[in-house]
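Order-wise, the sequence lines are chains W and H. Take 1 as the starting number for the first sequence in the working numbering and just add one per residue. Take 1 as the starting number for the second sequence in the working numbering and just add one per residue.
Worth double-checking, as some hints may not be accurate.
[Claimed, not checked] Here chain W is said to cover these stretches of chain H; the calculated rule only asks that three of the stretch's residues, wherever they fall, bring their Cβ under 8 Å from a Cβ of chain W:
1. 98-112
2. 138-144
3. 204-214
It is worth saying that the hints were derived from the structure and are not from the lab. Glycine included, C-beta positions come from ideal geometry on N, C-alpha and C.
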Amino acid sequence: MKKQMTVAEKNVMKWGWAFITPTMLGLIILNFYPVIQTVYQSFCKTGDFGKGNVFVGLANYVKACGTPETWQSLINTIKYAIIEVPLGVCIALVLAVFLNKKLAGTSVYRTIFFLPMVCAPAAVAMVWKWLYNQQFGLFNNILHKNVAWISDPKIAWIAVGVIGVWSIIGYNMVLFISGLQEIPGDYYEAAEIDGATGIRQFFAITVPLLSPTTFFIVQTRVIGALTIFDLMFMVMDKTNAALPNVQSIVYVFYKYSFDQGNKGYGAALVMILVAFIMVVTVIMQACEKKFVFYN
Amino acid sequence: MESARTRDLVNKIIMYVILTVVAFIMLVPFAWMILTALKTNQEAISVDPFYIFPASGWHWETFGNVWKSYNFILLYKNTLLMIFFRVLCAVLTATMAGYAFGRLKFPGKNAMFSLVLIQMMIPSQIFIIPQYLMVSKLGWLNTTAGLVFPGIVTAFGTYLLKTGYQGLPRDLEEAAAIDGCNIGQQFLMIMMPLTRSSMVSLGIFTALFAFKDLMWPMIVCSSVETTTLAAGLAKAQGQYSNNYPEMMGAAVLAVIPMLVIYVIFQKQFVEGIATSGGKL
Numbered sequence: 001m002k003k004q005m006t007v008a009e010k011n012v013m014k015w016g017w018a019f020i021t022p023t024m025l026g027l028i029i030l031n032f033y034p035v036i037q038t039v040y041q042s043f044c045k046t047g048d049f050g051k052g053n054v055f056v057g058l059a060n061y062v063k064a065c066g067t068p069e070t071w072q073s074l075i076n077t078i079k080y081a082i083i084e085v086p087l088g089v090c091i092a093l094v095l096a097v098f099l100n101k102k103l104a105g106t107s108v109y110r111t112i113f114f115l116p117m118v119c120a121p122a123a124v125a126m127v128w129k130w131l132y133n134q135q136f137g138l139f140n141n142i143l144h145k146n147v148a149w150i151s152d153p154k155i156a157w158i159a160v161g162v163i164g165v166w167s168i169i170g171y172n173m174v175l176f177i178s179g180l181q182e183i184p185g186d187y188y189e190a191a192e193i194d195g196a197t198g199i200r201q202f203f204a205i206t207v208p209l210l211s212p213t214t215f216f217i218v219q220t221r222v223i224g225a226l227t228i229f230d231l232m233f234m235v236m237d238k239t240n241a242a243l244p245n246v247q248s249i250v251y252v253f254y255k256y257s258f259d260q261g262n263k264g265y266g267a268a269l270v271m272i273l274v275a276f277i278m279v280v281t282v283i284m285q286a287c288e289k290k291f292v293f294y295n
Numbered sequence: 001m002e003s004a005r006t007r008d009l010v011n012k013i014i015m016y017v018i019l020t021v022v023a024f025i026m027l028v029p030f031a032w033m034i035l036t037a038l039k040t041n042q043e044a045i046s047v048d049p050f051y052i053f054p055a056s057g058w059h060w061e062t063f064g065n066v067w068k069s070y071n072f073i074l075l076y077k078n079t080l081l082m083i084f085f086r087v088l089c090a091v092l093t094a095t096m097a098g099y100a101f102g103r104l105k106f107p108g109k110n111a112m113f114s115l116v117l118i119q120m121m122i123p124s125q126i127f128i129i130p131q132y133l134m135v136s137k138l139g140w141l142n143t144t145a146g147l148v149f150p151g152i153v154t155a156f157g158t159y160l161l162k163t164g165y166q167g168l169p170r171d172l173e174e175a176a177a178i179d180g181c182n183i184g185q186q187f188l189m190i191m192m193p194l195t196r197s198s199m200v201s202l203g204i205f206t207a208l209f210a211f212k213d214l215m216w217p218m219i220v221c222s223s224v225e226t227t228t229l230a231a232g233l234a235k236a237q238g239q240y241s242n243n244y245p246e247m248m249g250a251a252v253l254a255v256i257p258m259l260v261i262y263v264i265f266q267k268q269f270v271e272g273i274a275t276s277g278g279k280l
């Protein structure tokens, strides 16, 4: 039974569609059509001089899966995430708890911790590259060592991860602070009366009640870390010996798609990345039910 | 009671020590960037750990040299134009769509909104190759239009503004409707002004991420004259990599504008990121 629409309802519909049309059109042209296009492209070989695409079936995927570089870059990306996400989240949480305590001068600290967030990663990476410089860098000068921070394959991935942590702490911290402000103060007052110490309060009240915020931050940061590009691109020179052990999957995607113009192969790489992120997302959703405490 | 007070004091001291140490670590790269920029290259590469300050005077002229050799005036202009148009387009389209999704009831709304949510879950790397091909076909390579292109609409902003509109009290429109306002007038004169804080959040968020983006400007604006600060810096790094004071000078010039804006508007920045980032 279709109900006849009243004049007023029709009027609302007219306005509603008029308001959403620009956004929906934009999303379809800029996002949904490109998804289909990328899927199609991943089955094609890019013709020379823009001569159009030649359908090659699964050849790009076979090549990508058979190339050790693909797997190594995926492992590099995971290794980066293993440094950035836990450290970035834990340090930010501790700082947020301190800053939430209404100490004098908290706004100054907050401003400082958030500073890296407003800097372009390209500039940040340049500065860190200079700090890490083997001959003249600040770190080797202070430590009186001669460490090849970013060109020794064994430690370069850690050095890059450290830059990632430094850059993201402030962002995570701001999200934690707004999460902390939603925890009612009476919980802490009650704990105080019961004689619970600060550390006990942290684990018994803050951690469980903050778990939705924590989960949210972890989830967005995991996806952010898995799509990391700027740091690797800026810190690692193309001639750097450690590049194969540090380059991320998006870096490899960029290299093939835009440096070498092989868009078909690049599209296949991006599809592998998307599939991987989907698997990770499903796993995280499963963990959410287990570890996150919703009031 | 006395012991509780000592315990509080000790806790406070521990917290301040940790905060200060972390703050120091956060500031070291900034300090070293600025100090290096003010040295001569000879001083910058002299291997002496505690050679912190420039010895032969402070070489402010480095900034002038870098300003010219990296063409910063163009980089600033391109970045500013890109940010301006991205913010304008994103806020405009998102506030309209957010209002419709948040306040109006019409057939097809839920299906369309689920498309918005789906877009937010797709990693953006998948869009890049086709977006590049479109920009290239339109002849927009090396133009501001090309830089702005992927940011004309925003699923995330639509979602953010929708939440903003949903939070407003119900009877507002009814009162306006009784006064004879049509839906367009209700939106423009009554509802939109009330979501100013959501729009500011979205604007800051859009501006910050457009400013930080590296890959897109590198792809669509490969020439130095048309590119943004981030991509221009990446290009310059490859060209003049041995003059450390100049490189740090360029980094200073690239981060200064956003840093100044942040320090002035830090309340809006932090709140903007907390409310919008918290919903991403």
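message = So is the segment 98-112 of chain H in contact with chain W by the C-beta rule, three or more residues under 8 Å, or is the coverage claim wrong?
response = holds (count 10)
key: Coverage claim, chain W over the segment 138-144 of chain H, checked by counting residues with Cβ within 8 Å (three needed)   = Violated, because only 0 residues of the segment 138-144 of chain H bring their Cβ atoms closer than 8 Å to Cβ atoms of chain W.
request  = Report holds or violated for chain W covering the segment 204-214 of chain H, Cβ cut-off 8 Å, minimum 3 residues.
outcome  = holds (count 4)
Comparing the model with each earlier hint shows a violation of hint 2 alone; every other hint is respected.
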